[in-house]
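*Asks:* The chain contents come next:
There are 2 protein chains.
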Amino acid sequence: MENIVGGAAGILTSVSMIPQLIKVLKEKNVEDLSAGMLIVLISGLSLWVWYGIMKTEWPIILSNAFAVMVNLWLGICLIIYRK
Amino acid sequence: MENIVGGAAGILTSVSMIPQLIKVLKEKNVEDLSAGMLIVLISGLSLWVWYGIMKTEWPIILSNAFAVMVNLWLGICLIIYRK
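Respectively, the protein sequence lines represent chains A and B.
Numbers 1 to 83, taken from our numbering, label the letters of the first sequence in order.
Numbers 84 to 166, taken from our numbering, label the letters of the second sequence in order.
Wrong hints could be hidden among the right ones.
[Stated by the list, open to error] Label pairs and their computed distance ranges (CB to CB): (1) M152(B) / L33(A): 20 to 26 Å; (2) S43(A) / I159(B): 14 to 20 Å; (3) W58(A) / M120(B): 22 to 28 Å; (4) S117(B) / I39(A): 31 to 37 Å; (5) T56(A) / K111(B): 21 to 27 Å.
What the hints contain is simulated information worked out from the structure, not anything from laboratory work.
All figures in this text were calculated on a predicted structure; none of them were measured in a lab.
Backbone N, C-alpha and C define an ideal beta-carbon position, used for all residues, glycine too.
Please build the complete structure, drawing on both the sequences and the hints.
*Replies:* Following this line, the structure appears as C-alpha cells:
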C-alpha cells in the first residue's frame, strides 16, 4: 500500500516537472531560471535520494533521482542558452 | 542520521520554492504558470504527505505539507491575477 501511494506520488510530482523542461528546450529562454536556486534544489533532491537509499524506499529514490536528472538538464540549458 | 539527511533535504527543496512564490507575488504575473500542472503537482505532493503519514516519516510529511501550501498559494495567485 505504501509503495502504491509513494509510486503514484512520485509519478505525479515527476510528471509535473516535464513541462518546464520542454518549455526551456523549445524556447531556449532561461532568463527566468535562477542558477542559485537550481543548485539549492539539486542539492536538496540529492539528499532525498541519499535519504531514500538509507531507508531503502524505492519511491523516494526513483522520483528524486529523476528530479535530479531533469534539473541537471535545466542547469545545462542555463549554461548553454544564457545571454 | 536519517532524520538529519531528510531534514536537510526537506529544508533545501522547500527553500528552493520560495523565490517562485515571491516572484509571482511581486510581479503579479502568472502567464507562465500552468493550472493543469499545479493541480498535478498539488495532487502528487498531497500523496507524498499521505505516504509520510503511513510511514510516520516527519521529514517527508513536513516538507511536502509545506510544498502543498506554497503551491496552493500559487494556485490562488493564478485565479486572482489571471487576465
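*Asks:* Against each hint, give a clear statement of whether it holds in the structure.
*Replies:* Quick rundown of the hints versus the structure:
1. Checked against the hint of 20 to 26 Å, the C-beta distance between M152(B) and L33(A) comes to roughly 23 Å, which is consistent with it.
2. Separated by about 29 Å at the C-beta atoms, S43(A) and I159(B) break the suggested range of 14 to 20 Å.
3. The hint said 22 to 28 Å for the Cβ distance between W58(A) and M120(B), and at roughly 25 Å that hint holds.
4. At about 24 Å, the beta-carbon gap between S117(B) and I39(A) misses the expected band of 31 to 37 Å.
5. For T56(A) paired with K111(B), a C-beta distance near 45 Å fails the hint of 21 to 27 Å.
In summary, the structure is inconsistent with hints 2, 4 and 5 from the numbered list given earlier, while agreeing with the others.
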